[in-house]
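Sequences and hints are given; from them, build the entire structure.
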Amino acid sequence: MRRINLEQDIKPLSEFRAGTSNFIRQVNETHRPLLITQRGKGVAVLLDVSEYESMRERLEILEDITLAESQLSAGGGIDFETAKSKLLERLRT
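Read in order, the letters of the sequence shown correspond to residues 1 to 93 in my numbering.
There's no promise every hint is true.
[What the hints assert, rightly or not] Just the calculated beta-carbon pair ranges, DEER-fashion:
#	residue 1	residue 2	range
1	E57	I78	22 to 30 Å
2	R2	N22	16 to 24 Å
3	G19	A68	41 to 49 Å
4	N22	L72	28 to 36 Å
5	R17	R58	30 to 38 Å
6	A68	E89	16 to 24 Å
Honestly, the hints are just simulated from the structure, not real lab data.
Bear in mind that the values here come from a model prediction, so they are computed numbers and not experimental data.
Heads up, the beta-carbon is just placed ideally off N, CA and C, and yes, glycines get one too.
Okay, structure coming up:
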């Protein structure tokens with residue numbers, strides 16, 4: 001995901017309401033998120049759909065890695081040769 005441009009990508013809610021379609025177009029064109037504020041505090045982030053999907057995919061991969069590491073630490077898992085032979089067996093059937 002591209003970094004927020006502090007001068008262009010932080011907008012108060014009132015300004016967002018008045019120019020919603022323009023801000024959606026901006027997010028789609030720049031692929032940068034838009035931070036929406038209310039009373040000077042961040043309350044929401046508007047993301048381009050493709051950027052959101054990409055972010056979710058990366059998060060899922062990181063979650064899988066974390067799970068695998070914890071399983072290995074707990075003594076789970078199998079050695080490479082066993083995994084290779086099981087995989088080859090599955091591919092043959």
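Checking against the hints above, which ones are violated?
Structure breaks hint 4 only.
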